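Peer 1: Heads up: the protein sequence lines correspond to chains A and B, in order. Letter by letter, the first sequence follows residues 0 to 299 in numbering that gives the first Met the number 0. Letter by letter, the second sequence follows residues 0 to 299 in numbering that gives the first Met the number 0.
Simulated from the structure, these hints should not be mistaken for lab results. Incorrect hints may have been included.
You can't tell identical chains apart in this list, so a pair holds if it fits in one copy or across any two.
What the hints assert, rightly or not - BS3-like, lysine-lysine: derived pairs with alpha carbons at most 30 Å apart:
| id | residue 1 | residue 2 |
| --- | --- | --- |
| 1 | Lys145 | Lys161 |
| 2 | Lys293 | Lys27 |
| 3 | Lys255 | Lys75 |
| 4 | Lys3 | Lys138 |
| 5 | Lys187 | Lys248 |
| 6 | Lys75 | Lys229 |
| 7 | Lys162 | Lys68 |
| 8 | Lys145 | Lys68 |
| 9 | Lys187 | Lys68 |
| 10 | Lys162 | Lys27 |
| 11 | Lys293 | Lys68 |
| 12 | Lys68 | Lys294 |
| 13 | Lys187 | Lys145 |
| 14 | Lys229 | Lys27 |
| 15 | Lys187 | Lys229 |
Predicted model only: the values in this text are computed from it and were never measured.
Protein chains: 2
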Amino acid sequence: MKEKFYQYIQNLQDTITSKIEEIDGVSKFREDLWERPEGGGGRTRVIENGDVFEKGGVNISGVHGALPKAMQAYFKVGEVDFFACGLSLVLHPKNPMVPTVHANWRYFEMYDGDGNIVDSWFGGGQDLTPYYLFDEDAKHFHQVCKSSCDKHSADFYPLYKKKCDEYFYNAHRGEGRGVGGLFFDYCKATDDRSMEEWYDFVTEIGNSFLEAYIPIVEQRKDLAYTEMQKDWQEIRRGRYVEFNLVHDKGTLFGLKTNGRIESILMSLPPNVQWRYDHQPEPDSEEARLLEIFKKPVDWV
Amino acid sequence: MKEKFYQYIQNLQDTITSKIEEIDGVSKFREDLWERPEGGGGRTRVIENGDVFEKGGVNISGVHGALPKAMQAYFKVGEVDFFACGLSLVLHPKNPMVPTVHANWRYFEMYDGDGNIVDSWFGGGQDLTPYYLFDEDAKHFHQVCKSSCDKHSADFYPLYKKKCDEYFYNAHRGEGRGVGGLFFDYCKATDDRSMEEWYDFVTEIGNSFLEAYIPIVEQRKDLAYTEMQKDWQEIRRGRYVEFNLVHDKGTLFGLKTNGRIESILMSLPPNVQWRYDHQPEPDSEEARLLEIFKKPVDWV
């Protein structure tokens, strides 16, 4: 399974970065291959200063060895060996009318002293963070998420949509990071569903990513915008930074377990503003966005 | 003691904000008075878009009531009442040749069921974060810190300088936030030193703040700088954000105990950049700065 899934994310990284370069038309991804001293490594691809994408990363990694202390405590296990691999992406468009997107698909194994798998699971998700909200974009994104989920279980979309709203939440601001999407974790073999079936589910979601996001980019990337709207995007990106550095478990784990810092922090936006007590004009598009982020919406 | 120290920080806030406005010459502090639903409140003063200061806050607060759950766990106490007050300031200058400064002086009391003080202490410190380092600025700042400490104990400066280097450290980057200063906490009454004497020490440091920082501002604020140097300042400000959101206990406590978010996050810089794997030119002033941040320096 680990070889099969790593092969899958390698191919998916190629597919996604090709499409992003094609749409951007100007910038190309820079590739960095890196090795983890304790075992494994990754292939980081970052695009910057594009015509459509101001900054973005589409990274894969596969790491293994002794489970770091901090993760032993988190998973409530002793000294065990592990393997983890995944694809993580964040794309920060230049035009504030185009939403930021994040996605991640990952696989984890833990071993006993003889190298037998004692536990394994998939996790992942994808979510959308608009700066100016076109309702039909949120509906389209969620519709693709739902259609992909429904092929596997009618329970998945409502469950993973809810988990996404709960996870990507800036508790200190009382607002969601965006309009959500899907979030799932600890997808393990049960009587009802084998690891093969979970693989089919996770790769279905991964395969649907471009369909979920790219039509939105194509629709919005050439819309006109003002300097004030760009400022609003940069202020909202501040909330993105706050979520990733204060609340996001993946980021904090990476920072505390000697992960490759630049690959982890590629998620941070290129230009960000913090203004004291910034409040949008009443009844503006900006005020409407904040109102919507206060409470999850059923988009489909 | 609590009335006396609160009176002191009220006066110090006036003194500092007057001086900052005088040097800035253009912008004035905006004042927000706020109340904490559970007891107490504060006086937040923020300056933005000045000629010298791009953004800064000089805030006081005095809060009391039942100790929040998260702090009970931190202090390893049960359900007790508390009082806490302090002045916190961060100033982000426009000119990258002028360092950012942070300072904080605070007082804490805990009570038994009858309202008797069962524990009380002072804490605080001040530290400097340059973007371009003039060694004499770091020396001047530390010299003022040392002189103020030495009036109370020859042990204080080496001890609190070291604590500062240890605390303001971006462990995930392997670099200090800046060139340090002083950091002290849990300064409690002992056989050797009464709370009155701690009060004298803490207020000595508070009184020395303008002497430590203002001559540096005056010396550097009119120096010419390039757009590239401004970019470097904004990239380094990203490290400031990383420290405050990932490592700073005060910030995280505030965010997790329903503090006044805008007063806490006034510390975040106005314009910030994150570029993927940004590396300064070898042998440049920027490279020298990074080198110096890797290991604490004895400035005096």
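Peer 1: Please sort Lys162 with Lys68 into within, between, both or neither, judging by C-alpha distance up to 30 Å.
Peer 2: Intra 27 Å, inter 26 Å, cutoff 30 Å: intra and inter.
Peer 1: Indicate which option fits the pair Lys145, Lys161 if close means a Cα-Cα distance not exceeding 30 Å: within, between, both or neither.
Peer 2: Close inside one copy (12 Å), not across copies (55 Å); limit 30 Å.
Peer 1: Tell me, please, which holds for Lys229 and Lys27 at an alpha-carbon limit of 30 Å: within, between, both or neither?
Peer 2: Classified as both; 23 Å inside a copy, 26 Å across copies.
Peer 1: Tell me, please, which holds for Lys68 and Lys294 at an alpha-carbon limit of 30 Å: within, between, both or neither?
Peer 2: between (37 Å within a copy, 26 Å between copies)
Peer 1: Under a CA distance limit of 30 Å, which applies to Lys293 and Lys27: within one copy, between copies, both, or neither?
Peer 2: Close neither inside one copy (37 Å) nor across copies (33 Å); limit 30 Å.
Peer 1: Given a CA cutoff of 30 Å, do Lys187 and Lys248 count as a within-copy pair, a between-copy pair, both, or neither?
Peer 2: within (20 Å within a copy, 36 Å between copies)
Peer 1: Taking 30 Å as the upper bound on the Cα-Cα distance, should Lys187 and Lys68 be classified as within, between, both, or neither?
Peer 2: The answer is within: 23 Å in one copy meets 30 Å, while 35 Å across copies does not.
Peer 1: For Lys293 and Lys68, with the copy left unspecified, which applies at a CA distance of at most 30 Å: within, between, both, or neither?
Peer 2: between (36 Å within a copy, 25 Å between copies)
Peer 1: If the cutoff is 30 Å on CA atoms, where do Lys255 and Lys75 land: within, between, both or neither? Let me know, please.
Peer 2: Both, since 17 Å and 24 Å are each at most 30 Å.
Peer 1: Could you figure out if Lys162 and Lys27 sit no more than 30 Å apart (CA to CA) within one copy, between two copies, both or neither?
Peer 2: neither (34 Å within a copy, 45 Å between copies)
Peer 1: Since the copies are identical, ignore which copy is meant and state whether Lys75 and Lys229 lie within 30 Å (CA to CA) inside a copy, between copies, both or neither.
Peer 2: Intra 45 Å, inter 46 Å, cutoff 30 Å: neither.
Peer 1: If the cutoff is 30 Å on CA atoms, where do Lys187 and Lys229 land: within, between, both or neither? Let me know, please.
Peer 2: neither (43 Å within a copy, 50 Å between copies)
The structure fails to meet hints 2, 4, 6, 8, 10 and 15 from the earlier list, while all remaining hints are met.
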